[in-house]
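With these hints in hand, go ahead and build the complete structure from the sequences.
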Amino acid sequence: MAKDRSPSRFYLLTCPRTASNLLMKILALEGQSNVAYREDGGYFFSPLHLLRYDLNCVGTHVEELTLEQKEKQIACIKSCYNTLVQHVEDAESNGKLVIVKEHTHYLTDPVAETEFLHGEGCVTNELPWVMHGIDDLVQSTDGRSTNNKTVFSDDFLKTWRPIFLIRHPALAFPSWYRAAVRADGEEKAKSTQGKRACKKVMTLRWTRRLYDFYAQESDKTNATGTDLREGKNKGAWPLVLDADDIMTQPEVIIKFCNIVGLDSDKLKFNWEKDEQQRRPGIMAFRSTIDSSTKIDPTKAAGVVDIDQEAQKWREEFGEEIGCLVEEPETGAHGLSSCILVPASNYTTASPPVLRHIQSIMTAVAKKRLQAISQQLVEGIPDAGEFENIPRIREVAQDSLGPRIKDKVVIITGTNSPIGIGRATAHQYARHGAKAIYICDFADSHLDVHKREIESLYPGVNVHTRQFDAGDEEEVKKLVDDVIETYGRLDIMFANAGIVGAPKLFTEVSGEEFMQTMDTNAKGPFLATKYASIAMRKTSPAKPYPAGSIILTASVAGMRSNAGSTDYSASKAAVISLAQTCSFQLSGTGIRVNAICPGVVETGMTKAMYDHARSRGTEKKIGQLNPLMRGAVADEIARVALFLGSDESSYVNGQAWAVCGGLSAGHPFVPGKLA
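Numbering (the UniProt record's numbering), first residue to last: 1 to 674.
Keep in mind that the hints were calculated from the coordinates and are not lab data.
Computed from a prediction, not measured in an experiment: that's the story for all the values here.
All residues carry an ideal CB built from backbone N, CA and C; glycine is no exception.
Just to be clear, a hint being listed does not mean it is correct.
To be verified - Cross-link-like lysine to any residue pairs, in silico, SDA-like; alpha carbons within 25 Å at most: (1) LYS450 - GLY432; (2) LYS200 - THR288; (3) LYS476 - ASN388; (4) LYS190 - ILE282; (5) LYS190 - GLY318; (6) LYS70 - ARG279; (7) LYS190 - ASN56.
As the list claims (entries may be wrong) - Per label pair, the in silico range of CB-to-CB distance: (8) THR288 - SER576: 41 to 51 Å; (9) GLN277 - GLY384: 24 to 34 Å; (10) SER576 - VAL448: 28 to 38 Å; (11) GLU385 - GLY459: 15 to 25 Å; (12) ASN258 - SER539: 12 to 22 Å; (13) GLU68 - THR288: 33 to 43 Å; (14) ASN258 - HIS49: 46 to 56 Å; (15) THR192 - PRO540: 40 to 50 Å; (16) HIS49 - THR124: 32 to 42 Å; (17) THR580 - VAL448: 29 to 39 Å; (18) ARG279 - PRO540: 37 to 47 Å; (19) SER539 - GLY133: 44 to 54 Å.
Spelled out as structure tokens, the structure:
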């Protein structure tokens, strides 16, 4: 089989209890004329899984297998592989798509499984088991890269387009254990062999390894200039689907069909009960889906309280099994093995693992089909032609209309009557925002601002909030409230800041320095952290993650001698934050930019302006920039409007100097160079 990824082979890679059978019911592949149908959707390696139960060697150390157990497993692996290959070849010879599913732990190489269950380095006399072709199983390290822990060679895996189906483990893991008890009895489930089976299944390790394998392969392919999104298979590979979306967002399945090449008109959302008889152990795992007639949206995870669930597990399963469900895999292979997005993207507590996953798979949107930007999933559409010349392709809407229509916005640092925050709130309201949260530590003017905006722009909902922008609990509380109220967050403008200690750095105390950093740098960090989580939340009204995070920095963060030491350092940190976070949010469609104002008349600089006016030297303010003047807040607000709108759809990770040109050169006083 060729190494090149086939546009007609799709491998749905799952874990047990992730609603894969439900997905197959909905896809109704038996009715898709362009698909080679396989009963139950695939499970080519299910016979191997069942054989291990029959041989009573589930979780047995690979070096402790009897000769009969080893020979029968090798023969079974060959048979499973041969059947899969034959299915693929028959399908492709008839011009049909191959769409099959498999639980990732079914595919695991026995050596890798042993080292996971019994400890790294415990295998000394066995090499990995790898299929290199029909009936060709070899024990070798050749042909497999680090993340490939399957019985397949790298070359074989590369021929497939992978689709990962995930579900919150707080639902999947206990559901699997209940089914295991129904299948084999509680005594067997709590036996040494049963606990090993639990450990092998109740982890996303195997899924994560395969995801990393395919992600790296996609990176390599993209580096060679090959487009993995050609034709009907247009999409970001590997694809990741969330079971919650399968249950609650039909448009996700329709979009999936468009990517894979299925007829979405053939989807089924109602079906007859399945009353066919199966092996008792299998029946225990299929009872829910077989007795169903439609999607049950109450099975979706939603927001899960791990503390409450863990208490229920201990009461239901007993302390030992309850803890095993709660902490399925800790230590070196905990978080890094379980999540499908880089752990570095999130700040989470230490184990238990499910608490890590809780923060990523509920409040934090998953990196899945719907957590990839619209442009990556759908591309930027052609606009047609004019006299055989292609028309200009566009992402943003016409700028003559409301520029941020129906967007939900948070702005911090809005109390000052002459500040950038208030001016920006007016621009956002004028240009069609649905809701604006105006926030500040001081709230003396917030209610007045609210009344003014609502009187000028009756269509916008204005909310006021008083809190410290450097208080993590308060920032999270605000963002959670926005999501609960509106279901989305589109723009976060982290504008709160203080002037710092305007004195020589040797006179600035450590406490003063950190106070400035707390507001000016930590505040934007917290805003970026929680806003990015919220912006990845999707809904029918917002089918793709997207958003604009705007951080107020300063030219003082770009050049020295433009501000006090603590202030300049804090604003330099904001610029770095915008640049770093923009990369860590790669592919999500969420943009992070910093605005770097020069001298602007705001509440922060009011004392300087008042002093200059009292001396009659106001016109000297800003004399070192080419425009030879300072700015008013609205001039900065217009840039914030642009960055918040879709017109800036390709502006990301930038420090926008709005300084009258000050940062364009090296200012000097004319006549003083000699």
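Legend entry - 25 Å Cα cutoff - pair LYS450, GLY432: Given that 25 Å is the threshold and the Cα spacing comes to 16 Å, the pair holds.
Legend entry - Hint check for PRO540 and THR192 - Cβ pair distance inside 40 to 50 Å: holds, 48 Å
Inset, instruction - Starting from LYS190, check that the Cα of ASN56 is at most 25 Å away, please. - result: Status holds; Cα separation ~15 Å.
Legend entry - Outcome for the supplied range 28 to 38 Å, where the beta carbon pair is SER576 and VAL448: holds, 36 Å
Legend entry - Outcome of range test on Cβ distance (ASN258, HIS49; 46 to 56 Å): Given a distance of about 33 Å, which is not inside 46 to 56 Å, the answer is violated.
Inset, instruction - Go ahead and decide if the range 44 to 54 Å is satisfied by the Cβ distance of SER539 to GLY133. - result: holds, 47 Å
Legend entry - Agreement of LYS70 and ARG279 with the hint, judged by alpha carbon distance not exceeding 25 Å: holds, 24 Å
Legend entry - Outcome for the supplied range 29 to 39 Å, where the beta carbon pair is THR580 and VAL448: 37 Å Cβ-Cβ, so the 29 to 39 Å window holds.
Legend entry - Cβ separation of GLU385 and GLY459, checked against the hinted range 15 to 25 Å: Given about 38 Å between the Cβ atoms, the range is violated.
Inset, instruction - Take a quick look at whether LYS190 and ILE282 sit within 25 Å of each other, Cα to Cα. - result: holds, 19 Å
Inset, instruction - Evaluate the given range 32 to 42 Å for the C-beta pair formed by HIS49 and THR124. - result: violated, 26 Å
Legend entry - Proposed proximity, THR288 with LYS200 (alpha carbon, max 25 Å): holds, 23 Å
Going through the hint list in order, the structure does not satisfy hints 3, 9, 11, 14, 16.
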